[in-house]
Amino acid sequence: MTTILKLGLSAALITLVLTPFAYANHAWGSYHWARTQNPFTLKLGDSVTSSWDSYLRTAAADWSASSVLDTVVVASGQNAKSCRAVSGRGEVCNAKYGSNGWLGIAQIYISSGHITAGVVKLNDSYFSTTKYNKSEWKNLVMCQEVGHIFGLAHQDE
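Take 452 as the starting number for the sequence shown in my numbering and just add one per residue.
A couple of the hints might just be wrong.
[Stated by the list, open to error] Cross-link-like lysine-lysine pairs, in silico, DSS-like; alpha carbons within 25 Å at most:
1) K582 - K532
2) K547 - K532
3) K532 - K494
[Claimed, not checked] Have a look at the derived ranges for each label pair, beta carbon to beta carbon:
4) K547 - Q488: 39 to 45 Å
5) S481 - K547: 22 to 28 Å
6) K585 - G552: 17 to 23 Å
7) N590 - G564: 29 to 35 Å
8) S481 - K582: 21 to 27 Å
9) Y583 - R486: 16 to 22 Å
10) A604 - Y583: 20 to 26 Å
Rather than coming from a laboratory, the hints here were simulated on the basis of the structure.
None of these values were measured; they are calculated from a predicted model.
Idealized CB from N, CA, C, for every residue including glycine.
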């Protein structure tokens with residue numbers, strides 16, 4: 452074996468040995484939706500403008516690829532700026548919420564250890580800027596924030 456190959460294999464082995472194991476527990480605390488079977492169907496209230504509709508539908512379809520979760524996008528009709536929780540579903544809204552440091556934010560409502568409602572807010576104060584008004588950013592933030600209302604946390608924390 453050449454010295455370079457030996458060094459490469461040694462580095463790979465050290466990386467495997469020193470890398471902590473990754474666990475599949477990415478839950479936001481112990482919070483989850485009550486369910487009696489899988490797949491569990493959760494409605495996502497569409498309170499987004501037409502510029503966000505395709506991103507909401509993509510996130511819903513992607514999350515529905517799971518064997519334990521199906522999502523259905525339903526009409527909402529509420530004021531996106533106030534974005535109120537609706538019991539039994541997730542509500543997804545966009546508006547100019549101000550320059551406050553977040554592109555998107557999720558909130559869950561809990562009763563007896565179960566999620567009873569969720570809210571996602573997508574901040575057009577940032578998404579109307581050149582830096583963030585890109586499909587990559589919109590897909591990423593939509594998918595992540597919708598995942599939070601399912602009870603999932605960030606994987607890097």
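Results of checking the hints against the structure:
With a CA separation close to 22 Å, the supplied pair K582 and K532 stays within the 25 Å bound. For the given pair, K547 sits about 8 Å from K532 by alpha-carbon distance, which is consistent with the 25 Å threshold. Among the hinted pairs, K532 with K494 is consistent with the structure: their alpha-carbon atoms are about 20 Å apart, no more than 25 Å. The beta-carbon spacing between K547 and Q488, approximately 40 Å, falls within the hinted interval of 39 to 45 Å.
Between S481 and K547 the CB atoms are about 35 Å apart, so this pair departs from the stated range of 22 to 28 Å. Between K585 and G552 the C-beta distance comes to about 19 Å, which sits within the given range of 17 to 23 Å. Here the CB-CB span from N590 to G564 is close to 31 Å, well matched to the stated 29 to 35 Å. At about 36 Å, the beta-carbon gap between S481 and K582 misses the expected band of 21 to 27 Å.
As the Cβ distance of Y583 to R486 is approximately 35 Å, the hint placing it in 16 to 22 Å is violated. Judged by the Cβ atoms, the range 20 to 26 Å given for A604 and Y583 holds: they are separated by roughly 23 Å.
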